[in-house]
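Q: Here's the letter readout for the chains.
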Amino acid sequence: MPTMKAIPEPPRATSACSRSLLSIASLGVDEVSAILHLATELEQEDPVARARRLAHRRVALLFYEASTRTRTSFELAAKGLGADTALISSQSSSIEKGESLKDTGITLRALGAECIILRHLSSGAPYLLAKVTGLPVLNAGDGMHEHPSQALLDARTMLRALRRSDGVPGETLLQGMTVAITGDILHSRVARSNALLLPRLGARVILCGPPALLPEVALELGPGISIERDFDRALKQAQIVMMLRIQKERLTGVHIDLEEYTSRYQLNRERLRASAPEAIVMHPGPMIRGLEISSEVADGPQSVIAEQVRNGVAIRMALIHRALVEQTPHTREPAAGRPVKQPGTKKRGRA
Amino acid sequence: MSAMLIRGGHLVDPSAGIDADRDVLLKDGRVVAVEPPGKLNAAGKQADAEIIEAKGLVVAPGLVDIHVHLREPGQGYKETIATGTAAAAAGGFTSVCAMPNTVPVNDSVETTRWMQSTERNPSARVFPIAAATRGSTGEALTEYGSLKAAGAVAVSDDGKPILGEAIMHQALAAAARAGIPVIQHAEDTRMTVGCSMNAGALAFRLGLRGMPVAAEAGLVERDIRLLSELKGGRAHLHVAHLSTAAALDAVRKARRNGLHVTCEVAPHHFVLTESEVGEYNTNAKMNPPLRAESDRKAMLEGLLDGSIDCIATDHAPHATHEKEQEFERAPNGITGLESALGLALDLLHRKHKASLSRLITLLSTQPANLLNLRGRGSLISGAWADVVIFDPKAEWTFRAAATRSKSSNTPFDGWTMLGKVRMTISEGRVVYRAD
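Chains A and B, in that order, are what the protein sequence lines are. Following the numbering used here, the numbering of the first sequence begins with 24 at its first residue and continues without gaps. Following the numbering used here, the numbering of the second sequence begins with 24 at its first residue and continues without gaps.
Quick caveat, the hints were computed from the structure, so don't treat them as lab data. Among the hints, a few may not be true.
[What the hints assert, rightly or not] Using C-beta positions, here's what the derived DEER-type ranges look like: (1) B:Ala172 <-> A:Gly245: 52 to 62 angstroms; (2) A:Lys120 <-> B:Arg136: 33 to 43 angstroms; (3) B:Ala424 <-> A:Asp126: 20 to 30 angstroms; (4) A:Gly157 <-> B:Arg397: 50 to 60 angstroms; (5) B:Glu324 <-> A:Ala133: 50 to 60 angstroms; (6) B:Thr343 <-> A:Arg292: 37 to 47 angstroms.
[Claimed, not checked] Not close to chain B: a few residues of chain A, all C-beta gaps over 10 angstroms, as computed: (7) Leu45; (8) Asp69; (9) Pro70; (10) Arg132; (11) Val240; (12) Leu244.
Built from N, CA and C at the ideal position, the CB exists for glycine as well.
Just chain A, same shape as in the assembly (with noise of 0.2 angstroms):
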């Protein structure tokens, strides 16, 4: 089912497709990889040389929702690649007079565009830009659906954490490790890119939370996915802990006991030193301190949650570049009209 299809879909791997970042789980292992990789070159590059790479091309940052760290790091990333952004929010563009995405799209496009990096609250719209401007997009969180870059950029901060080279195959980079994600895993985004991730790098994907934020058939996502609803045996088995925030303005109809929530889920000292004293902490932010997580973790020793907005700039530098600079084999002419790739655009490194 369905067996009628006669006529083959039209291929939706299109360069430009293939160069935007939708999902997670569109990226191979060794794509993976390689963009872990860049992400570190990158990192080391000369700024100075590095900020040749995409001089003078434009990347649109699209938001429709608020953001902090995803947008000023994406908008950095871009920056320190020497990249011309534009940044386009709900609140003060024509989306605010009813402008749809379709067009605004087709509006950045037409401004020069190269690349749109989009954040929205309505799972999936990502593709919808994707097919009506044809560039590459990337996606930076979309409803409930995805956040891919907060995966990479957590993939790079436990490596780094763990201090485990990036340079070993893909699917062993995490091997061994078992991460325990709590909270509110129905409406994250993050939950489910990290979910999707993870496992294909090796590691065990333990989730942690009450049925009415984590229902069972979150275990369908894939395969190295367990549910464990008692916080303490699901921290006993971590090396690796990551806290989520309770997104209130996306809970329809779902009441929450917050007293009782916090008693049972809160990331504190005591259960941290009880149940996982040598694992290492983990938020995506926002935080609410005092909830999800006291002040003591998020600030002490074994929190790594800054270092994960750092990791941020390189992982998202490294997509941009892969979306803006095309990878042989399948190396193209430039489009017409478009700038003459800089001296310092050069083939990526493999892992």
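The hints should help you fit chain B onto chain A, whose structure is shown.
A: Then chain B, alone, in the frame of chain A:
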């Protein structure tokens, strides 16, 4: 009016129990005679009938779709009665029942009459279904008696389920007095806030809120209970676009208990599953949503074993700019009039070996009977000259761009269909002829 002699075809008319070679003589918009091959030649000559050669083709009563959205009055940019019925004719349909969610809502005698006027230039007979409550707000009943007298064949608040128990009870009782069914869009909308597809693993993966099976089955069960509490037993509940095995089980059980409950299924619910949503394909977004494979199979079984009364398309045209939006924002619905026969023939007849007679029963005879459309769904002498002539073996490719509808929101673009409509005759007038 001129006469026509359809000659050499294979007549499939379940209303008369005929599945054999027959010639059919039409005159003045009616069926005049049905006889074995050659027996009507003299009568045809006498009536100066146009000869229509139907050798190798199936001749059947025109198809009847009891669930379409023609968008007029008020939303002519999506569809008009003229374009919607042109699509109907191209799909072999000669009778369509138009849902009342127009702008304004069809809750009046005036709108009901307006929709049936020949000024709308229809290519098929339009039977309005009037709103069950004023403005379809679920608060006060409309005037069922006068709406029926004006031509309404049923009442429904399609798209806006009647949730209140008291008002649904009143609607069933009043409709029973008027001798028409209440058609319920069975969805407990308190369970589907913000939802845009079927609940389950795929919805979770895509980050979309899912409509649970219980939202449909629960309301069907509630309605059946209300029906069983009514005295007199004349009330008729018809469940629109049934999509879940659980709701079908409830309907089966109610029928075993002697209640007058009927139901319809849309082609997309026995052809497609939720996987069609894929990468947020808005042409796979409808309400009720595409369901799981087990539900799709249950719909097929129900059609084959007779527990589902008919196929209805829920033809729901939307403009391109409306479907080219974020998945959650895009409106529900797909067009269906031109693809229904091709899909039904391929899946029910070719793959699941249902007889042509069974197929015509589901697409013509039974839907006409359900809404009491006299002289439709049948080619016995005296019936309306509503005829579809199709080649049951011809394969063809459905092209959304070539649709006669004003809209092309279909997931079946590019699909191979079985059974090409060669000609559609509505009340003795040729309304569609294949090139």
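Q: Compare the structure with the hints numbered earlier in the document and write down the numbers of the violated ones, lowest to highest.
A: 6, 7, 11, 12
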